[in-house]
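Residue numbers (this note's numbering), protein chains in the order written: chain A, 12 to 101; chain B, 12 to 101; chain C, 12 to 101; chain D, 12 to 101; chain E, 12 to 101.
Quick caveat, the hints were computed from the structure, so don't treat them as lab data.
Don't take every hint at face value.
One copy or two, either will do: identical chains are not told apart, so a pair holds if it fits within one copy or between any two.
[Unchecked claim] With a Cα cut of at most 25 Å, we get these calculated DMTMM-like pairs of lysine to aspartate or glutamate: (1) K46 / D81; (2) K46 / D82; (3) K46 / D94; (4) K34 / E50; (5) K34 / D94.
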Amino acid sequence: MLLARVIGNVVSTVKNDTLTGKKILVLQPIDSAGKDRGEKLLALDSVGAGAAETVYYCRGREAGFPWYPDDVPVDATIVGIVDHVNVSRQ
Amino acid sequence: MLLARVIGNVVSTVKNDTLTGKKILVLQPIDSAGKDRGEKLLALDSVGAGAAETVYYCRGREAGFPWYPDDVPVDATIVGIVDHVNVSRQ
Amino acid sequence: MLLARVIGNVVSTVKNDTLTGKKILVLQPIDSAGKDRGEKLLALDSVGAGAAETVYYCRGREAGFPWYPDDVPVDATIVGIVDHVNVSRQ
Amino acid sequence: MLLARVIGNVVSTVKNDTLTGKKILVLQPIDSAGKDRGEKLLALDSVGAGAAETVYYCRGREAGFPWYPDDVPVDATIVGIVDHVNVSRQ
Amino acid sequence: MLLARVIGNVVSTVKNDTLTGKKILVLQPIDSAGKDRGEKLLALDSVGAGAAETVYYCRGREAGFPWYPDDVPVDATIVGIVDHVNVSRQ
């Protein structure tokens, strides 16, 4: 999983049926010190994350697991909100 | 998922049977400000996206979900059309 | 999916049983204008593609779908031959 | 799989139910000589790895296999602790 | 799939149960001319590959297929040994 900050959201009327009612958030990936790194992406939210919160997200097939047995066409999902990151060596 | 603009399409007569009758579009990935970023790719369309529209697409195994239970050999599918992207910090 | 040109093949006697009798081709990924981009890779062929043809290939788990229900350990498969690519903006 | 060193952990109260009780570690990928390379990431631990240990981790769908039949939304899992790496040519 | 040369192995006592008895090899990815490219990685071996041999490996979920129905947490597996690579254009 990777760390990211929630920085926005996407409004979309026409979409795959299974996405109806699911928040699509814009994420900025960050490193363990909170600094931006890499490109922004879109992710679904399975934990109620809000704007500016630090989260970690899961990519790939398993990004759809929180909605199992529905097969949601999603490749990135927020699976947790970060309280604190402990790193012994930057 | 990632944002992209529909910029073209592929004509293909010889293809895997499960792809018959499905539109293959050329996508240019873009950032949340609408600027091009990264390499163009081919994607199937599950929502009726048209030329020049801003869409978001899903990659990987789950790109085939819109056609489930058919197992379509596709690794990128448009799953929504974007009305608006709200970003609090570029 | 991504565009590529077929530029060679791999001869391999010792291989996983499920790969027996399947052509392994060398692909050079190309952009929509036909120019090389990125690294060459190996792919199986599900459509009868030949040397120098322009094709599109599918990556990941779904690359094995053309041989379903056989579970072929393959991560890239040619799923179509390109007749023409229309792009409104390069 | 890739080599990495365990350099920290993430404290997270709000998370997907299936992640409850599982350690989330911060990994620094390393090369076979033990030198850092690439970006840090978060992984679950299936083998009891501790701080500063050299491990190898598995990415993608199969990162969830150690918890099967639970469908854990995880894309990186530590699957072994390294005793020694033998490389004939650096 | 990608080409690689076997350049070493990993000794690991503590590991996921399903990995017991499986060789973990260190691979150096190479191009079709045999030159190194990209980062080394760890892979399981499903074909009896030995040191210095040129092989091709499969990444992702399907890397576990050679051990099906066991769900082995592996994301890279050697699936064939290369006799010869024919490329019409370098």
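Do the hints match the structure? See the list:
1. K46 / D81: Classified as neither; 35 Å inside a copy, 34 Å across copies.
2. K46 / D82: Neither. Shortest intra-copy (34 Å) and inter-copy (31 Å) distances fail the 25 Å Cα cut-off.
3. K46 / D94: within (16 Å within a copy, 29 Å between copies)
4. K34 / E50: within (20 Å within a copy, 27 Å between copies)
5. K34 / D94: Both ways: K34 and D94 sit 22 Å apart in one copy and 14 Å across, limit 25 Å.
Hint compliance for this structure: hints 1 and 2 are not met, and every other hint is.
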